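Peer 1: Residue numbers (this note's numbering), protein chains in the order written: chain G, 380 to 595; chain E, 715 to 808.
Just to be clear, a hint being listed does not mean it is correct.
To be verified - A short, non-exhaustive set of chain G residues, derived as facing chain E with CB atoms under 10 Å:
| id | residue |
| --- | --- |
| 1 | M475 |
| 2 | E479 |
| 3 | N491 |
| 4 | T496 |
| 5 | L497 |
| 6 | R524 |
| 7 | E525 |
| 8 | R527 |
| 9 | N540 |
| 10 | Q542 |
| 11 | V543 |
| 12 | R544 |
| 13 | D547 |
| 14 | S548 |
| 15 | D551 |
| 16 | L552 |
None of these hints come from the bench; they were simulated from the model.
These figures come from a predicted structure and were not determined experimentally.
Where a beta carbon is used, it is the ideal one built from N, C-alpha and C, also for glycine.
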Amino acid sequence: MSETHDHPTHTHDGKPIQEDALPPIDAHVLETSVRELLIEKGIISAGDIRRAIDVMESRNPALGAKIVARAWTDPEYRELLLTDSDRAMLAFGIDMRPMELCVVENTDEVHNMVVCTLCSCYPRPVLGIPPAWYKRRDYRSRAVREPRAVLQEFGTEIPSNKQVRVHDSNADLRYLVLPQRPAGTEGWDAEALARLVTRDSMIGVSDALSPADIED
Amino acid sequence: MEPRYKPGDRVLVLQRNQPGHVRTPMYVRGKTGVIERIVGAFPNPELLAYGHSGMPYKTLYRVNFRQDELWSDYDGPSDDTLEIEIYEHWLSPA
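Just chain G, same shape as in the assembly (with noise of 0.2 Å):
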């Protein structure tokens, strides 16, 4: 492409790279030194650091949205995810030490949404790394102080006659949202289903797809 060419509906601000302009930060310049003491030292290696951010960057909501499937179409599991929900996540080879999984179902009375205020707590082993806004000030000031307008803004009409019950993910403990299974899925089996279980909605800011939502 020319370099010269007009362009009078865009421009070509979004550089492929990403320059270095700031210094690093004070956390990056400990985090970066601690790193390399404990290596140096030989009490973690930089292949261990590696295969630790392999692990967690495989975390990712697919994982989530087979658990919620799963609990759709076996009332047992479902039974086991609510009252033991660590040992349902073992099922799955997921282990949540030290954290503990607290999984809160949505009903026809209740709608539950999770947010953690004082930092940026999310369930990492069942869903990976949070979405930015998930960690940003206003998500984490607002949907406590106002959640059903916080609701409205990611398009979540949720009636008055129901109760909202916002978590705040504060101290020990991690949230999942089992959202209602949709109406017109009689019959679906867990693979199907999956396909309607959004990170979205196991956070609680949104229910789960419907099957129009993924007709092709």
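Start from chain G and add chain E according to the hints.
Peer 2: Relative to the frame of chain G, chain E by itself:
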């Protein structure tokens, strides 16, 4: 360690100004809620965060608050609630 409170008990979150790694957000301090469940015994994060063992263990509870108790001008139905984890040493009977 015997938990001091049981599900259904009404509790007041202490209004205490304490610096450091405190897991009790400002917005619930001085507010009254109801114990939803006993979560268990956990090392105290206020000590753990600074390289200590976090001992002795502290009992952790989930406490349920009415939104209109937390925010006097809450804009929503009066049965909307919020649940949060509070360590025993931040609670007193209400």
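Peer 1: Against the structure shown, which of the earlier numbered hints fail to hold, in ascending order?
Peer 2: 1
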